[in-house]
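Protein chains in written order, with our numbering: chain A, 1 to 258; chain B, 259 to 448.
Any given hint could be a false lead.
[Claimed, not checked] Computed Cβ-Cβ distance ranges for the label pairs, DEER-style:
#	chain 1	residue 1	chain 2	residue 2	range
1	A	Thr91	B	Pro388	52 to 58 Å
2	B	Thr322	A	Val98	34 to 40 Å
3	A	Arg57	B	Asp342	19 to 25 Å
4	B	Pro388	A	Gly58	32 to 38 Å
Keep in mind that the hints were calculated from the coordinates and are not lab data. Computed from a predicted structure; not experimentally measured. In this text, a Cβ means the ideal position worked out from N, Cα and C, and glycines have one as well.
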Amino acid sequence: MRLADALLHAMRTWRAGRSGQDEADRLVAGGRSGPGDAGLDHLLDALRAPATTGELRGEREMAAVLAAEHRSAALYERPKGRVRVQVPRATRTIVVSVATGLAVLSVGGTAVAAGTGALPAGLQQRAHRLFSALGVPAPRTGPTATGPTPGDRGSAASPTSKPTPTALPTPTPPATATVAPPTAQVVAWCTAWLTAENGGKPMNGRDRKDLAAAAGGADEVADFCARSGVSVAPTTTPAKPGRGSTHRATPSHPGPKK
Amino acid sequence: MPTDDELAAALAAARRGDERGFAVLWRALHPAVLRYLRVVAAEAAEDAASETWLQVARDLDRFTGGPGEFRGWLFRIARHRGIDEVRRAGRRREDPAEEVPPGTPGRDAADEAIEGAETTWALGRIATLPADQAEAVMLRVVAGLDVAQTAQVLGKRRGAVRIATMRGLRRLALDPQVRDRAVKETSEGV
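This is chain B alone, in the form it adopts within the complex (with noise of 0.2 Å):
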């Protein structure tokens, strides 16, 4: 993960044009939107990720602000376009000429898939809770958003955020699915 100077560095070379500049950014951010986006959007995460990217790119000469600010505007972003491709994801599940069928995965997929597979459980059991939790949730762990920055995302009061990122990791806590794992974890390891 970059630095904050590493990042103003970089953003400074994306307003510039250069193609690092962009590189940089996406390479320390893209993750977290995805993340952030698979429990939005679910399986438009990537459509919307990307429609996240190319606005970031377009509107960039707008934008005013360090690192800090860049990662709130980001999200910001992120969530509309999110909400944008779950509608219109739904549109297209009214139309099922349109629906594809799924390619079996290769190989580098399925690897992929054990690389990255306890992080889509935690993921999955993100998506469990009520939207407001999972996305206080979401924006506070993984995007690294403080509670400022959070409230302005979801458009809530602070307290309604830090209220929401409590009572989410409080039902994590109790969840049945993360209590199992915890003991396997520490059987395993004891």
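Bound-form chain A, shown alone (with noise of 0.2 Å):
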């Protein structure tokens, strides 16, 4: 009987609506339900309860590790949350500016290198290989080796002899490369004259110079290109079509000034 009134009391009280939270937030406060609800009361005290000596066990240990926690965070941690370094919108964008503009002057630097063959022979070799349509010649590899001395001495015998194939294995160092170089160099010159020839890209004075004296004079430059095996695909060099030919030419304006 006392537990149906309880019910009864328990559903009166417990309506919805703001009438209900107003009461929960009495009881949360610690307000007591009433007779009615004691059970709730004896619940929510018991939540409430002082605490356990199980509860608090290892208070002394807990403050000692906490401390220490405290400390190695502080020591070691405190940069991992704070370390955001404030830059201001104006030296961000000076600095993404500069960054950006040596990229493209690198790059750009680069492909001007790689089209007047100013490169390192490895890298001009994949330049040539990669960019060979645009007129990036293949490494020049005998006459960086005696530097400025081809174009000084002009038709002097020692300098054309070398990168002839005829010439002898002794002025290239290296073993396995003996019959190499000489073609490659040949090879160079001859596309780059076949290209200028077509239309394309002019070819570098000096160059041409140095491939009419190993072919033994300027007339004989087509007889020897085409010994040497060299061609150029036409379609790779239009005749002079406007725009792409001026495209072309501007790694090469180093080459006529000289």
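Reassemble the complex: the two chains are provided individually, in unrelated frames, and hints are given to aid placement.
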């Protein structure tokens, strides 16, 4: 009977809506729900009961551990959360622009260097393979070793004999590359020469002179190159098509100036 | 239970790295954290509570606020660590090799069981509630958080917290076991 009364009381107390929420707030704040809800009062009291010894066991050890953890965090972890450096927007913009400019310059510079054949042999070879259609010459193995001498001496015997296939292998030190270097040089020259003949990128003046010397005269170049087996696919070098040729001509500007 | 002034002093001491500051904070708030976590994380409550306090110690320098805010912050961490521990325990359960046989409880444990028996019973009843109601009741009644702080911890709106608290309490009032206790208590008392 008492149980039924209590249930009824509870139903009346716990109507939905604002009054129910207010009642909840009152109970949360420690208010009593009255005789009908003694069980709920008992439960809330039990939830709020003072700490048991079990719950508080190890207080000292825990305090020591926490203080140590706090110390080590202060030593090692502080930068993790606070290291965010505030960079002003203007500075960021400048840094980004400069970095972009440097990237453009280095890429552009490499392209120009490749166009004039000024890259180290390995890189030049790769650039040639990738961009030969754009007029990037193959590496110059012979003349680079002797430096400015071929240009200065013109048709002197010693430099001209080096690039020709008939020359002795002694001038080129790497034994495995005894045949390849002159051939590569001739191929590069002839490629450049044929490209220029087809209306593509004009040939470097010094190379032209060296090639003429190697062939035994400017008139012999055509035959010489034909013998060396170099041919330029006509599709890659269309005959002076306005924009295309000017585009290709840009890297060679240093050439004619010399 | 220390006053807010005492807690503020303890907080300042802990920030300076004083062990006694940590001791006061822990003694004042650990029981509530542990009880809350017994509802959220069940058997993993002890581990979750330890993880909670370690994180509090690590991040204390980044916390700004008084004792009231500290309470909210503490229970926000407790909730996350509790959820983490439940996930980890779930993974452990899938691996039967790691299951540890329960040891026989000693005399102290038995005494403590009697000491906290009613609290354990009450927490057991709370655990029967839907999760959002159980958490709302625990944070409001045991942690002593206000509606706004509870809403922040649970990531809910204030209105939702008030309704969840009300429904939780109403459900508990109608719980036959709770009603049975009331009848026993009154009949014993008379």
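- Message: When the structure is checked against the list of hints, which entries are broken? Sort them ascending.
- Response: Every hint satisfied by this model.
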